[in-house]
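Engineer: Next come the chains, spelled out residue by residue.
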Amino acid sequence: MSCDIRDQRICALATVAATIDRMTLTPTEQAAMLAVDLRGVTKRFGPVTAVDNLTLAIEQGEIVAFLGPNGAGKTSTIDMMLGLSRPNAGSVAVYGRRPSDAIARGEIAAVMQTGGLLKDLTVAETVRLTSTLFPHTRPTAEVLERAGIAGIADRLVGKCSGGEQQRLRFALALLADPLLMVLDEPTTGMDVEGRRDFWAAIRQDARRGRTVMFATHYLEEADSYADRIVLIRQGRIVADGTTAEIKAMASGRMVRATLPDADRSAIASLAGVESVELRGDTVLVRAKDSDGVARYLLSQTRARDLEITADNLEDAFIALTGDDADDYERSSR
Amino acid sequence: MTAATLPAQHTERRVPPLGGFNLTFLGLELRRMLRNRRTMVFVIVMPVVFYLLFGRKGATIVGTSLNYRTFEMVSLALYGAMTACVSGGSMVAVERALGWSRQLRLTPLRPVAYVSIKILTAMTLGLVPIALLFVFGALQGVRLPAHEWILCALAVAVGSLVFATLGLFMGYLLPSENVMQFLGPILGVLAFLGGVFIPVNVLSPSLVTVAKFMPVYGVNQLAHAPLGTGLGWEVFANIAIWLAIFVGGSALLFRRDTRRV
Chain A
1 MSCDIRDQRI CALATVAATI DRMTLTPTEQ AAMLAVDLRG VTKRFGPVTA VDNLTLAIEQ
61 GEIVAFLGPN GAGKTSTIDM MLGLSRPNAG SVAVYGRRPS DAIARGEIAA VMQTGGLLKD
121 LTVAETVRLT STLFPHTRPT AEVLERAGIA GIADRLVGKC SGGEQQRLRF ALALLADPLL
181 MVLDEPTTGM DVEGRRDFWA AIRQDARRGR TVMFATHYLE EADSYADRIV LIRQGRIVAD
241 GTTAEIKAMA SGRMVRATLP DADRSAIASL AGVESVELRG DTVLVRAKDS DGVARYLLSQ
301 TRARDLEITA DNLEDAFIAL TGDDADDYER SSR
Chain B
1001 MTAATLPAQH TERRVPPLGG FNLTFLGLEL RRMLRNRRTM VFVIVMPVVF YLLFGRKGAT
1061 IVGTSLNYRT FEMVSLALYG AMTACVSGGS MVAVERALGW SRQLRLTPLR PVAYVSIKIL
1121 TAMTLGLVPI ALLFVFGALQ GVRLPAHEWI LCALAVAVGS LVFATLGLFM GYLLPSENVM
1181 QFLGPILGVL AFLGGVFIPV NVLSPSLVTV AKFMPVYGVN QLAHAPLGTG LGWEVFANIA
1241 IWLAIFVGGS ALLFRRDTRR V
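Protein sequences appear in the order of chains A and B. Okay, so the first sequence: first residue is 1 according to our numbering, each after it adds one. Okay, so the second sequence: first residue is 1001 according to our numbering, each after it adds one.
These are calculated hints, taken from the structure and not from any lab test. A portion of the hints provided could be inaccurate.
Claimed, not checked - Ranges of calculated distance between the beta carbons of each label pair, as one might list FRET restraints:
no. : chain 1 : residue 1 : chain 2 : residue 2 : range
1   : B       : Arg1037   : A       : Ser224    : 40 to 50 Å
2   : A       : Gly162    : B       : Leu1207   : 27 to 37 Å
3   : B       : Trp1233   : A       : Gly90     : 31 to 41 Å
4   : A       : Thr114    : B       : Arg1255   : 19 to 29 Å
5   : A       : Pro139    : B       : Gly1188   : 41 to 51 Å
6   : B       : Arg1014   : A       : Arg203    : 23 to 33 Å
Said to hold, decoys possible - These stretches of chain A come out as covered by chain B in the derived footprint (C-beta under 8 Å, 3 or more residues):
no. : stretch
7   : 99-111
8   : 125-135
9   : 217-224
Just so it is clear, CB atoms sit at the ideal spot from N, CA and C, and this is done for glycine as well.
Chain A on its own, in the form it takes in the complex (with noise of 0.2 Å):
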């Protein structure tokens, strides 16, 4: 598009206004923004809920890992999210659609644990059948090169490795040039190598402003390859936040110290206390300031014995996802 002299105070208003079109927006047009929107969903295989009343919204341009221990509700969630099933009670929504519709559009793509190949044809047939379907997509030879697949391209996928079959189901998914890119355990059963191989094009792919989310219980994973963690179990969200948050939650301190009848509710009400356990005549007190509770406790009660215990990640991960959670999920809250 090109513009005279004259015309350029046109052009120049014209996307002024297009911005201020966009500054405007409704909230049910800000909603249509986001990638994800789910509220209240809740998915029942039976006497089992899978995913319990789960409200989630991703935006635009987001890294998102969907991190919990297995059987956690990962898949179900995203099952959803790619209409492959749906809830049994709330809504899901991609980019303000159905799920089936934004698949419809390649708005969303997926690139699933296992299967899902056929192992007859060549990679690179895989990949020109499957562009066969999409209206628009890039060009095989693209995707194949992004994937860092065009070395075997004429190879059987059933003579594939699996790090190699991964990067074709990658292939795949970028086709359509989706604006949400879903990967459910994309490295599972992959080795130390292929793992980083498969996370370094993911990276170079995710730069360029794809939305991405992955599910994984590799707690490494998420914590390098993520700008957001939201940790899930027993269907339920139990943290949010950003990598360096669920660090900081993470990295929250355990103060114990020998104090017969203490005081509970003075030790919970200080700063950044998360929770207060009582043990015969030991106190238990986890906190984010835990310099805080120590002066405190060695100041103004006779507690003695003190000790400070540091979590690390993989402690979080645990206790936030473990089966005693209980309480840390009653405080992240």
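For chain A, the structure is supplied; the task is to place chain B on it using the hints.
Structural biologist: Below, chain B alone, put in the same frame as chain A:
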């Protein structure tokens, strides 16, 4: 807004025409079938070998003016097309087992387009044994008026639709990667009972009543009809009813399948 850096904007995206049906897809599906040696043995080698073994007699079949050479040419073309169609249709079993159907559900491909491609692939492959058998028949000395060649070929090719839907039905019914191992012998029995290899009335008059209810009977009668074997309403009833059963059954099973996944 970071969305602006993405190549295709939200509103620009469209849904594919024809639900994703296209000829490249069809071509790749055919190539897959041709790569499967076991299928090729059933579809091409076996009918031709059977014909060269059993179809050479010039003797006239009791109660007709047909000789075995001509009768078996059409019969074995039908048998080949039938195997091609059933294996083509039953490929959905393999694809379900491999998770490919699930993968396809993450694309804009509509289920109707997918099923149409399966059926058309199967029926296209079915043309190969028809052409081959007719060439071998001519080489063996079969002489027919042009319109009889064409009508016979057409009847076999179009009639195979029943078997493509049978394959589809079986593909959704059986959860196995090796459906054809199981279906191959069953097809043989069905073809025999439907009077494909030997006319039923030659075999035993009491079998005729049974044969009329077999899924292969209708198409078999239709395929030989241009040769002057006669065509009654029960032939069309047989074809229509079995087609309805296989299409309806596939649709039901397909629904169950997608609900469960």
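Engineer: Evaluate each hint against the coordinates.
Structural biologist: Outcome of the hint check:
Against the hinted window of 40 to 50 Å, the Cβ-Cβ separation of B/Arg1037 and A/Ser224 comes to about 46 Å, which satisfies the hint. About 54 Å separates the C-beta atoms of A/Gly162 and B/Leu1207, a value inconsistent with the hinted range of 27 to 37 Å. A C-beta distance of roughly 55 Å is found between B/Trp1233 and A/Gly90, which places it outside the suggested range of 31 to 41 Å. Checking the proposed 19 to 29 Å range against A/Thr114 and B/Arg1255 shows it holds: the Cβ atoms sit about 25 Å from each other.
Separation of A/Pro139 from B/Gly1188 is about 47 Å and conforms to the stated range, judged on CB atoms against 41 to 51 Å. At about 30 Å, the beta-carbon gap between B/Arg1014 and A/Arg203 stays in the expected band of 23 to 33 Å. Under a criterion of three residues with beta carbons nearer than 8 Å to beta carbons of chain B, the stated coverage of the stretch 99-111 of chain A is upheld, 7 such residues being counted. Counting residues of the stretch 125-135 of chain A whose beta carbon lies closer than 8 Å to any beta carbon of chain B gives 8, which reaches the threshold of three, so the coverage claim holds.
For the stretch 217-224 of chain A, the stated coverage by chain B is not satisfied: 0 residues place a CB nearer than 8 Å to a CB of that chain, which falls below the threshold of 3.
Consistency note: the structure conflicts with the earlier hints numbered 2, 3 and 9.
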